[in-house]
Amino acid sequence: MSDAANRPPHFKQPLLTTPFHSRTRACSTVDQFVAWAGYTTVDVYTTVEQEYFAIRNACSVYDLTPMVKYRITGKDAENYLNRLVTRDVRRVKPGRVAYSVWCNDDGHLIDDGTIFRLETGEFLLCTAARQLDWLLDSAIGFDVAVEEVTESIAALSLQGPTSCAVLKALGLRGVERLRPFDIGRFVLGGADMTVSRTGFTGDLGYELWMTPADAVSVWDRLMIAGASSGIRPIGSQALDMARIEAGFIMPNIDFVPAEASVRIGRGRSPFELGLEWLVDLKKGHFNGRRALVAEQKRGAARRLVGLDIDGNKPALKALLYADKSCRREIGAISSALWSPTCKRNIALGLVDAPYFETGRQVWAEIYLCRELEWERRVARGVVVEKPFYAPARRKVTPAWDR
Amino acid sequence: MTAIASAKRYDAVVLGAGHNGLIAACYMARAGLSVLVVERNPYIGGAAVSRQLYQDFTYSNCSYVCSLLRPEIMRTLELPLHGLQIIPYEGGCTMMRDGGHLALYDNHDALRREISRHSKRDAEAYDRFARDMLRQCRFIKPLLMRTPPDPTSFKPRDLMELLYLGQRFHRMGETRMYETLRFWTMSCADFLDEYFESDIVKAHLAGSSIIGTALGPRSPGTAYVLLHHYMGDIDDAVGAWGFARGGMGAVTNALAASFQASGGEIRCNAGAERVLTSGGRAVGVALADGTEVRAATIVSGLDVKRTFLGLVDRKDLPAEFHRQVENFKIRGSSGKLNIALDAVPSFPAIPEGAPCIRGDLHITDSIAMMERAYDDWKAGIWSQAPYVDMLIPSQIDPTMAPAGKHYMSVFVQYCPYELASGSWDDGKRQAFGETVIQAISRQSPDFRKLILHAEIRTPWDIENEVGLTEGNIFQGELTMDQLLFNRPVPGYAQYRSPIRGLYMCGSSTHPGGGVMGAPGANAAREILRDLRRDDLRLDGLH
Amino acid sequence: MTAPYHSIVIGGGHNGLTCAAYLARAGKRVLVLEAADRVGGAAVTRSFAPGFKVSACAHLLHQMPQDIITDLGLIRHGLVFAAEAMPTISLAADGPHLRLPARVNGGLSGEDVTAYSTFMARMRRFAAHLRPMLSRTPPRLGTGTAADNGALLRLAWEIRSLGRTGMRDLLRIIGMNMYDLVEECFASPALRAAVAFDAVLGTNFGPRSPGTVLTFLYRLAAESGACGAAMAQPRGGMGTVSDALAAAAQAAGAEIRVAARVARVAVRDDRAVGVLLADGETIAGRHVISNADPRTTFLNLLGAEHLDTGFVRRIDHFRQRGLTAKVHLALSAAPPFRDLALAGLRSRMIIAPSLSYVETAFNATKYGDYSASPAMEIVVPTASDATMAPAAQHVLSAVVQYAPYSHTDGWSAVKQNFLDRIIETIETYAPGLRGLIIAAELLTPADIETEFGISGGHWHHGELAFDQFFMVRPVPGATQYESPLEGFFLCGAGSHPGGGVMGLGGRNAARQVLKKAA
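Chains as they are written, first to last, in our numbering: chain A, 1 to 402; chain B, 403 to 944; chain C, 945 to 1462.
If you're looking for bench data, these hints aren't it; they were derived computationally from the structure.
One should not assume that every hint holds.
To be verified - Below 30 Å or equal to it, Euclidean Cα-Cα: the simulated DSS-like pairs (lysine-lysine) are: (1) C:LYS1359 <-> B:LYS780; (2) A:LYS12 <-> B:LYS410; (3) B:LYS780 <-> B:LYS731; (4) A:LYS297 <-> C:LYS1460; (5) A:LYS282 <-> C:LYS1460; (6) A:LYS75 <-> B:LYS807; (7) A:LYS395 <-> A:LYS93; (8) B:LYS807 <-> A:LYS12; (9) B:LYS717 <-> B:LYS410; (10) C:LYS1359 <-> A:LYS297; (11) B:LYS780 <-> B:LYS557; (12) A:LYS282 <-> A:LYS168; (13) C:LYS1359 <-> A:LYS282; (14) C:LYS1460 <-> A:LYS283.
A quick note: this is a predicted structure, and the numbers were derived from the prediction, not measured.
Throw the hints in and build the complete structure from the sequences for me.
Pasting the structure below:
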């Protein structure tokens, strides 16, 4: 790429720009960028609230390029992934996507991500953070090739009730027939594009995968096609609101990736993070299985749960107590939000046994800074089921296309 | 020569105004003792000095970077108030024989992209490496400022300390305990092989494990020395290294000022000749000028060989102790060039504008090259392709050189104390310097012509000037047999000696060398305990 | 299909056979599967030229505990020694040779002779305290179980029981290198080197490498309770030992099948349930015990898919590349070692004239080259055992330090040169040797890998070093002869206490299997 040759050296400009940068930069009015996996990406374009409502009300466009992508191929690709992750990859058919997590030997979460089965022996693994070291060491004893392809695939996430309509307007015929976690291949203006019905918002949505050379033209076409459907680029902050409503967890926010933690006792198992539905203990051996079997026998000591907190002040980083007098500490909140759609004060928090059971009452100690005066509030919270928001349209096929 | 008794009596006399001697002296003076520090040279500082040997250039002519100096010592002794300022520098770089280079940058993304130029995998394995270094640092750091327990003792204090260590170790959990055991006994090369595939990455990181030691990167027991690079503690930025503004003498000058502010006295040109004893107890010290100074507590900052083979009557020592001191390994393995430069030399391997030029620069691009440098030392010759640790502090600290000119410190590994061909002389010293200059010139075409003055120091010179046996910068090898409760001598690792009232506070004692100051502070704590002055509870002393 | 065996041992090396023998003696139904067409693994006697036989790897038996010999009745099963209590002669190119145990000769001063006996007494005392460790299962840390805590306390007590002075001495020297230690103790360069050579023989170290005092003490500890007064030569070579072990195992009821190569360990419901042979046969067993090296065991026999990444990473990091070669010469007459008559050839001869000689020999291998002037342990088995060669002809067997596993230029290009260098080196001490050579064979670590199926060709199945020793041997997660997989055990030299024809790994493993099965 000529672009790569021209860019300033890494010691002068450590962050890369995505192939959409010329467009995202132009759309940014408040100049608020954030580093993500080695790229500079938009944190907020205009206002977080407006961007958020594009997700729930119309169609949001999010530059997904920095998502770290690994192409996994070879005779043992399926066995390799099946040993790597907690789900049974053999049950993921070509043309399908699966969300999964993977653990270290202790059964503690390294990361979560999506596995795209492109062909029988070809997978794409998408993750938030780089982990080639772990993936390659996991390949010892397997006939498999693991290659990072982040820079050679540009990606956009279209999320929201009109996202299917926008794609149809773009000319992707039949896109509405994609079921959740389906992969479809389309041709747009002579260029190949892969579309998956996936996302990180818990809403109807699609992810578009293309070569970087096509990135700008796809963006431009999308903006034209979606003009009447309320299309709007969104930054990371708006997306984060939607993912909390959807009950999705974030590394380094809701858990520390086990292979990156320095301190003792920071690792979290999928059971502790409420992800047992992703763990298939019957599929044969996989990384961390023996530790997870032992943990299952012991029973979980803590669990990441959804919380509904009284009042409307987000309980960001609040400590949790069993009692209103805040004597017995039982956990802490990792993500919190006043949900504009649910009109509830929601949070994700790690809670000790037995307080994590649904319906239990806990107390959150919230500190509010109001014009430089600090106010302490102890708000009641109730453990509730996740997700907080799950519109039916996210699953309906054929998808809404109006 | 008849002794002239000094009029004044002191509570304590410290031998040697190096950083550890001064630190011990500071703590004692702060506890209310009257303390005298005697120094052989006309200037203080020991191996932490700034000297003007050529025009207006300031040379940190022994130690040259500051990272290990314990922050609790700096704080308690108010060193910033007394003029100490430490300026961090960013990264470092190894230039390769094929014209390439590897630099380290503080910015994580820049670092990853830099390492990926050599190996994408290594760029990410680096995070695992850094994580494991941090894990080990977290375990080891609190132990630096503690007196090692005697594992053969049944005294409550030793048992409690062993228990403390055992519990700390146990808390890591099974897997990390094994990792720690392995880490402390592995060779640096084997350890790095568990992370990296690229030779240049391994070579760059390995450097810090061989500096000052008579071991090669393939010698077991060198892996843990990598920690030295990660234990730097400037403003809590773990891993940061820095220059003392004004050169390393700024450290000892600040210590001296702190000491004097607490009422301490320093006497230069006053080398100790002999520790005076009476009835198996230290009672004073005889100085080279013939004076005798009386004090019930004598604290030696000199290395253990100098102290017990040089200043103490053999019959005052148990034969076994004497033999153990003789067997203590202090090996000269490092040389130093201090160079006044007309300008910053050009290094074509380093890209224009890269900040690593202001960090530590190296020219050894493989473990094999480093190991061969060690093989030369074993054969009694200086390394023909030496490992160098070069820095140009005047790029950051303007006080080191006249405007536009620069000072370069070149630490050289390996250089024997005694050559196979016999002792050092002027010709050999020049030839050694020439080897180093030639090696650097291969990476810098204009280096030689920019040299205004070069001071060449062999281990023999360092011994003679600074007084370190064999010129060893750590006052004793940092091998498994000479660490913790074995340092310097099994049974005498708690800063006390077989002679009552005579203490050790130099780097020959736990936790060893580097301008860290922990031995001095730990020794002071033990002395004050013996004097029942430990109720003063000085900050930073447990 | 027949009822499952109690235990299936993969590999009929000396440890596998010992393990099987002990299990069978405990009344268990045991099957040993050996890929080669005879048992013994690397402890075999093989023909290398018509009429000439030699022990393929180790050629002296000096570490097999007397109690194993007694327990298993190995003498009854055919073990005979052709030579016992063999002295060591450090060859000198000129002047008198140095004989050990030392006496005033060979240029040794009276001080050095005294120093030598003082030194050996000091080291033997430590060795005696460390010896019980070899016959035990090393404890695990942090498990909090009574067994592990007890074992740790016992270890601490054994070291404490040396007394304050002894304990201090041990805790200091154990981390040292031999080079420094012998310099502290002796004046004679030849004596220094001869003592230090024992510390590096079979290791990946030179005399200056820290950790060599540990390997020295380890060797001494293993020898201290050994049969045959340390250095002994079994009649008929090391194969006799393996044959006796096999006979003992069979007498106790174990079945042994040769030419039965195991392809995979059979796994069901996350436990080992038997093995699958290369010819497709499946054999069921409730316990599967591998005598193979750790890499082969876990990556080839079991397979990474049954293991976690972190564990596989540790196996991958286990250093198991050999640095020792073996040379066999078929000679038309007794080798003409200077000043040594045939009786003198009944000793263990070493070529290690000085510390720097050995260290220099080691240097080359760090850069992928063989030693131009290698250090060696030489025996002439035919001097004591006429069965090894045609009448009046002789065999010279030499353990050669050092040869890298892979040579920078490829072994095929340089192997002949190395053999020439070795012969030249021996000829320095035995002028005229070359003219007597009928056949010569060199086994590099790569050859040992191919011939005996030991990945990396290391005699000890893995470097002996602090970080691969005792509690962490071979790797955390596979200590105590166990593995992450239920029912799957290790008994080879890759486990504690390591290599050398000792049989302790096999016996310890058998005990652990029985404990688990109980």
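**Study point:** Enumerated hints in conflict with the structure, sorted upward
**Key:** As far as the earlier hints go, 2, 6, 10, 11, 12, 13 are violated by this structure, in ascending order.
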